[in-house]
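So the sequences go chain by chain: R and W. Take the first sequence: its letters are residues 1 to 683, numbered as in the UniProt record's numbering. Take the second sequence: its letters are residues 1 to 683, numbered as in the UniProt record's numbering.
Just so you know, not all the hints are guaranteed correct.
Note: identical chains are not told apart, hence a pair may lie in one copy or across any two.
[As the list claims (entries may be wrong)] Taking lysine-lysine and the DSSO-like style, the derived pairs with C-alpha atoms no more than 27 Å apart in a straight line are:
id : residue 1 : residue 2
1  : Lys58     : Lys514
2  : Lys478    : Lys514
3  : Lys435    : Lys525
4  : Lys214    : Lys93
5  : Lys435    : Lys537
6  : Lys46     : Lys93
7  : Lys537    : Lys103
8  : Lys478    : Lys435
9  : Lys255    : Lys664
10 : Lys242    : Lys265
11 : Lys356    : Lys197
12 : Lys662    : Lys242
13 : Lys103    : Lys115
14 : Lys22     : Lys103
Keep in mind that the hints were calculated from the coordinates and are not lab data.
Number of protein chains: 2
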Amino acid sequence: MAAAPHHPFDPLTPDEISRASKVVRPHFGGQDPNFRVVTLLEPAKKQMIPYLEKEQKKQPLGHVPTRYARVEVAVPGAKSGNELFELVVDLDKDKVARKQHMKGKHSYIDADYMKAVENACLANEEVQAEIRTLELPANSMVVVEPWAYATDGMNDMTERVTMCWFYLRLLESSDANYYAYPLDVCAEVSEALQVTKVYRLPTKPHERINHEKKPFDRRRIHSTAASEYHPDLRPAPRATTKPYQVVQPEGPSFKIQGNHLSWEKWTFRVGFNYREGLTLHDVRYDGRSLFYRLSLGEMFVPYGDPRAPYPRKAAFDLGNDGAGINANNLQLGCDCLGTIKYFDAYHNTPSGEPLKLPNVVCCHEQDDGILWKHTNFRTQNPVVTRSRILVLQTIITVSNYEYIFAWHFGQDASISYEVRATGILSTVPSDIDVKERIPYGTVVAPGVLAPYHQHLFSLRIDPAIDGHANSLVVEESKPLPMDDPLVHNPFGVGYVTESHIVEEEGGFDLDFTKNRTFKFVNENKTNPITGTPVGFKLMPFYSQKLLSHPESFHAKRSEFGEHAVWVTRHEDHDHFPAGKYTMQSSGGDGLASAIEKRRKTGTAQSIRNQDLVIWHTFGSTHNPRIEDWPVMPNEKLMVGLKPVNFFTGNPALDVAVSTQDKNKSVLYNEEESKNSSCCSSRL
Amino acid sequence: MAAAPHHPFDPLTPDEISRASKVVRPHFGGQDPNFRVVTLLEPAKKQMIPYLEKEQKKQPLGHVPTRYARVEVAVPGAKSGNELFELVVDLDKDKVARKQHMKGKHSYIDADYMKAVENACLANEEVQAEIRTLELPANSMVVVEPWAYATDGMNDMTERVTMCWFYLRLLESSDANYYAYPLDVCAEVSEALQVTKVYRLPTKPHERINHEKKPFDRRRIHSTAASEYHPDLRPAPRATTKPYQVVQPEGPSFKIQGNHLSWEKWTFRVGFNYREGLTLHDVRYDGRSLFYRLSLGEMFVPYGDPRAPYPRKAAFDLGNDGAGINANNLQLGCDCLGTIKYFDAYHNTPSGEPLKLPNVVCCHEQDDGILWKHTNFRTQNPVVTRSRILVLQTIITVSNYEYIFAWHFGQDASISYEVRATGILSTVPSDIDVKERIPYGTVVAPGVLAPYHQHLFSLRIDPAIDGHANSLVVEESKPLPMDDPLVHNPFGVGYVTESHIVEEEGGFDLDFTKNRTFKFVNENKTNPITGTPVGFKLMPFYSQKLLSHPESFHAKRSEFGEHAVWVTRHEDHDHFPAGKYTMQSSGGDGLASAIEKRRKTGTAQSIRNQDLVIWHTFGSTHNPRIEDWPVMPNEKLMVGLKPVNFFTGNPALDVAVSTQDKNKSVLYNEEESKNSSCCSSRL
């Protein structure tokens, strides 16, 4: 990211990060603040709208919005071990503009603190005594995996409480898959790093917390070929896959300047922050405004095992962990194929210094098969174009799981958001004989249960369809009656579309049986050909809502899992559908509560022909299969956004036809391949 | 396709086609039979099962099933112009084994006959008189597009009746997009090529058949940039898309011998016929049987405009046209990228000679992003593998529309079936002023309406999950109650899966709100780790059912659009969910009727732990958008099949990790790209 001059949407530069913490530090007297967050406070939309318009028209920009940093600091407190403060720093004046004590709120997971929890846990005498009863094999190592405590009402959440799950590493390698050997020991650690509870986990179908202290069952030890994923610990891989390379002899079609990206009539700005990871801003096609901001708002992974203490497993991977902080360094991995542009990002160290996150976003093109084709059957002349897409991808690792998030841009002005779940299933110990079954999960190895869980994502879509006054239209396709004398449909084949415009904030469900389609339109701009408002439609991903009971903490804390499509009035910084602080939250901070509060207090505004925001909840009810073990082949979830009567025709009509001269495909020759030489005859 | 020796699943060779028609010809005395079909009659499953087993075990094959051809012949008849006969020819003995007069049935569309219809129509005096009233521009040309008559109960369907839709070609080029200028003249042509009716089409919202004879409105003539798709008729294309090539320096990973394909533990046989196009047989992974046969069973495209005569627009593109016959020659088009294997096929001429259909299937690999990844956060060591998929693709052109059908095979033993709709919307003339709206379509140009319609596909899945005795399981994910004293779920987070096994043939609907999952399992084979029956699950495509009224001919003729998932007992040659003869059908031949008949006559058999077949109906309610005009950017529909507790772990665990050495990605350098030279620094 360029040092300066920067765009108002650009993340803070390393220098700004240092300056912000320097400005903040004196506000904490003698204390040594733990800088949890030093990030850009995005400028108010009211200021950005005129700015972006001038920018688009290449006019003088005039007043540049004040540059602000948002800083979160944790300091030891009088009453609790960890007090959280939020400050806003004016970086133009190097001054604190606002300081607030976030009483009762917790910062996201502190990795250093979690390391200390692990150590405290393992060093604890009661824990060690418990481990001894396991009679573990020599040369094995106990691994403690600390997790945020998902509120269950059983504990005071004022201070941090950490759940410690125990695993066993049988092999010497640090990359051995310890999730293959979950132990039935569990511990809880307090804010002050005291181990407050040690107990045995339930391992039978209907068992409450278990007090039996059985030793580790050696019969559970299975072959490394079955339980390891690291190539050094496994048999040799298959050797049948021949190399596949992508070559762009004239380079890629994108142009990137700093965080500004232009590609095939698309332009937008790439943002990044510790929590949301990749964000996209001012997304336009052919200069026309489409989306002000696109981001993943939150994701929630609640487990469906009702046996205590498993209800404490429910992760807000953005709010608790941070999709930016946990983004993989893509350079090392060979995660992207072709001609790759990498974006770095910056987070901060606990002392407020810039911390580089290299290669957290990769950007590249990809061929996506045929874009459009027609052959006039009378002439037999085919015309075919291939679909080139632009991919922006990040990958996060959150303990055992990985999630790959990719934005795909099409030449036809369509956008896709693809989530892939991979990584390792969370496992718990089980002790059942052949005839028993634990109904809350799948046995993936002897003594190992992979519990049922859900993945729920909230995609935040801030449309700006040809401007900021948009409306949400819900359209359905309905058959005409066959026997109604007032309706001419004697053959019973007719159907029409019925639309209604949403007036108020709220949540909606999907219904494919009615072809229910959600469109964001600009009622002030009519398409000159179709005579209908210009718009974009959502291509949702159909998935089950949150299964947890509405009165459960899972439901109360997440909220967004209650409906598939939410619409709210735009508010600056309102980016988080489960609330700003999810760690040990008790609920009441999410979309549904905000909407309800506005209704009750009479502050709700119409969302018709206004600045609105859409939140699409989608995900998967993940009942593990053995094929997901020991590491899961990707499960794909895709959401799309497509123009509907926005343009005056196919926006990709001007894509050049596909030719062999450009594509240089190679004809496979059976005879040649039998002789083991490559197929070299080009078409 | 190899001449000989052939596999029982191999399509007929050119020689066999000649021989079959030679054997048949004498059976029609002095008449000159029009050979409509000369195709393989696939051997009975009862015979193939032991054959395939021996083949798989590399044992002597013993008895090879008799080689049969199925021949359909049309001859002029006494009562009607066109009598259809079906014969079965024993190719081992060169004898007719069976001959049947298919009374009242019509063969699929005869392209030569349709050409004759066009000519008869244009030559007809009444038609010419009607055209004159249009006062068409000089140098324009009327184009007649004949369509099969979709039964509407208004005509005797004993003989062929053809609907003629009229369009205007304004430009001289034969590739001009005449769909841009639909005319309101319509004609019907009889079996004997007589024009029986000429009239004007409805062009107003509530108009019945129109008798006003308005001239062609010159104001409708729009720019070629808006209405043409052929590059020779349009402005220069965008020049921003840089080349993207796929290189496989060691060739592809597949091995092909004749029609047998092996790739990354997959093996299967490629079949092809005039009607279904591409069929896949004996699909196995790592030698284990998965699917006996995979194919597209039918597709139905009914239009939703109730104004007569538009209810006659409803195309069975397989049964009426033939996905094999209309498959594109892929070599010419640059339809496939990379190292490509093409398969040819053979149809027959009207005189029964072999007719080569070159390059109707292309086969190649594709990179599909990351397959699986995990980074141990403690060591920061990432392990990532990329997903290589195998693609088998065909494309059909059916008048204005194109459909791209692609099978994708994954290294994780998953299969996807992807349909892309592209080509040109069907158009009808409209004559509305700015304030009027025709509620049955979208205006895509002045005077041009693209009517609402549906695309409904039926994917026929013949599972053979570790053998032929399979069951259909319907599983749902259900929350446990929070307040039931008998159920331990105090935190309200628990959920379980509930399954029931289907005993009888029938149709089922999708329900994502319950995470309803359809699995094909083998109850006789228990997974040694999970303790559950081995199986595969369907990843359906959620779409609206057929909108036409159940009493409409559209519904009665298609039947399969009534439910999303059908299950029937396997019967040889039972491949067509809307019946074997769809041309001018009246209904009663589809899945629902067959199931009902078996129930009523007491011949229904259990489908539990039996040889069953699944039919997945999916599609799209297509309410055109202007972006679909003049040629549609692809609309994708994807269905998946994935193993569920079939293997003992991730079947792609042994895929080699992704490395830069193999992948040779290129780092994009902003500075270099500014200097317009390619990015050459490799990672």
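Each hint, compared with the structure:
In this assembly of identical chains, lysine 58 and lysine 514 lie within 27 Å of each other by CA distance neither inside one copy nor across copies; the values are 45 Å within and 52 Å between. In this homomeric assembly, lysine 478 and lysine 514 come within 27 Å of each other (Cα to Cα) both inside a single copy, at 7 Å, and across copies, at 24 Å. Taking CA atoms no more than 27 Å apart as the test, lysine 435 paired with lysine 525 passes between copies only; the shortest distance there is 16 Å, against 65 Å inside one copy. Taking the closest pair of Cα atoms, lysine 214 and lysine 93 never come within 27 Å of each other, the shortest separation being 64 Å inside a single copy and 73 Å across copies.
Within a single copy, lysine 435 and lysine 537 get their C-alpha atoms only as close as 50 Å, which misses the 27 Å cut-off; across copies the closest is 24 Å, which meets it. For the identical chains of this complex, lysine 46 and lysine 93 are intra-copy neighbours only, at 21 Å inside a copy versus 84 Å across copies, given an alpha-carbon limit of 27 Å. Taking the shortest alpha-carbon separations for lysine 537 and lysine 103, neither the intra-copy value of 41 Å nor the inter-copy value of 49 Å comes in at or below 27 Å. For a Cα distance limit of 27 Å, the shortest separation of lysine 478 from lysine 435 across copies, 23 Å, qualifies, whereas the shortest one inside one copy, 50 Å, does not.
Taking the closest pair of Cα atoms, lysine 255 and lysine 664 come within 27 Å of each other both inside a single copy (24 Å) and across two copies (21 Å). Taking identical chains as interchangeable, the C-alpha atoms of lysine 242 and lysine 265 lie at most 27 Å apart only when they sit on different chains, with a minimum of 14 Å there against 35 Å within one chain. In this assembly of identical chains, the alpha carbons of lysine 356 and lysine 197 never lie at most 27 Å apart, being 38 Å within a copy and 77 Å across copies at closest. Proximity of lysine 662 and lysine 242 under a CA criterion of 27 Å is satisfied in both settings, with 23 Å inside one chain copy and 9 Å between copies.
In the homo-oligomer, the alpha carbons of lysine 103 and lysine 115 lie at most 27 Å apart inside one protomer (25 Å), although the nearest pairing across protomers, at 81 Å, exceeds that limit. Taking identical chains as interchangeable, the C-alpha atoms of lysine 22 and lysine 103 lie at most 27 Å apart only when both belong to the same chain, with a minimum of 24 Å there against 91 Å between chains.
Against the hints set out earlier in the document, violations occur for numbers 1, 4, 7 and 11.
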